[in-house]
Amino acid sequence: MGCRSLVYQGTEKALLKLQEFFPEMQILAVSGNYCTDKKPAAINWIEGRGKTVVCEAVIPAKVVREVLKTTTEAMIDVNINKNLVGSAMAGSIGGYNAHAANIVTAIYIACGQDAAQNVGSSNCITLMEASGPTNEDLYISCTMPSIEIGTVGGGTNLLPQQACLQMLGVQGACKDNPGENARQLARIVCGTVMAGELSLMAALAAGHLVRSHMVHNRSKINLQDLQGTCTKKAA
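In my numbering, the protein residues as written are 195 to 429.
Warning: the hint list may mix true and false statements.
[As the list claims (entries may be wrong)] With a Cα cut of at most 20 Å, we get these calculated EDC-like pairs of lysine to aspartate or glutamate:
(1) 276 to 218
(2) 256 to 271
(3) 207 to 218
(4) 256 to 267
(5) 232 to 308
(6) 263 to 308
(7) 233 to 331
(8) 232 to 323
(9) 256 to 308
The hints are simulated quantities; they were obtained by calculation from the structure and are not laboratory data.
I would like the entire structure built from these sequences, with the hints used as guidance.
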C-alpha cells in the first residue's frame with residue numbers, strides 16, 4: 195500500500211521542476227484534498243477511486259426460504275426502505291448499504307491495508323429485486339466504486355498480513371499481469387461484502403438480528419459484577 199507515497203514523490207518532483215521555470219510559484223502542499231483520501235466525498239462516489247467493482251448473484255427462492263429464513267419480497271422491501279430510503283433521508287454519501295464497512299475494515303486489517311481508507315472504500319450501494327421465471331428468486335448486486343487496495347508495500351510486508359494474502363492467492367505483485375492481484379483482492383472484498391449484506395438483511399427481514407446477537411454473543415460476563423480499576427475499596 196505504498197502507492198500514495200509514490201504518487202507524492204512523483205508529484206513533488208514535478209512541482210519542483212515547474213518551480214525552476216516559474217520561480218514565483220509557491221508550493222502550498224503536495225495534496226490539496228481533492229483526492230479525497232480518508233474522508234467522505236461525493237467525487238469518489240461519482241468518479242471512483244482505486245478499484246471499481248460490481249458483484250451480483252441470484253439466490254434461488256428455496257435458499258431464501260430455507261437458509262436465509264425469509265422471503266424474497268421481504269428482503270426487497272427491507273432493502274428499499276432501509277438501504278435506499280433510510281440512507282437518503284440521512285443524507286448519506288455512498289452509504290446505501292447495510293454494513294459494508296464491517297467487512298471492508300476486517301479484510302483491510304487482516305491483509306495489511308490502510309484501515310483508515312475504509313471511509314472511502316466502504317462506499318457501496320446494495321440493490322435487490324425479484325428474479326426468475328416466477329419472480330421468487332432474489333437478485334442482489336453490490337456496487338463499490340472506490341475500493342482503495344493493494345498487495346505490495348506498507349502493511350502488506352508484515353508476515354501475518356502476508357499469510358492472509360497468500361491464503362487468498364494475491365500476495366505480492368503479479369508478474370504475468372501487473373495489478374491483477376490488487377484487482378482480484380478488490381473482487382474478494384466486494385463479494386464478501388455482498389455475502390454480509392445478504393446475511394444481515396435476511397436477519398433484519400426475519401426479525402432474527404437481536405436474538406442471534408444475544409445467543410451467539412461471545413461475551414457472557416455480567417459487567418455489573420466486575421470491579422473497575424478505579425473502584426474504591428471499602429475501608
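Cross-check of the supplied hints:
{"no.": "1", "hint": "276 to 218", "in the structure": "54 Å, violated"}
{"no.": "2", "hint": "256 to 271", "in the structure": "18 Å, holds"}
{"no.": "3", "hint": "207 to 218", "in the structure": "17 Å, holds"}
{"no.": "4", "hint": "256 to 267", "in the structure": "13 Å, holds"}
{"no.": "5", "hint": "232 to 308", "in the structure": "10 Å, holds"}
{"no.": "6", "hint": "263 to 308", "in the structure": "36 Å, violated"}
{"no.": "7", "hint": "233 to 331", "in the structure": "37 Å, violated"}
{"no.": "8", "hint": "232 to 323", "in the structure": "32 Å, violated"}
{"no.": "9", "hint": "256 to 308", "in the structure": "40 Å, violated"}
In summary, the structure is inconsistent with hints 1, 6, 7, 8, 9 from the numbered list given earlier, while agreeing with the others.
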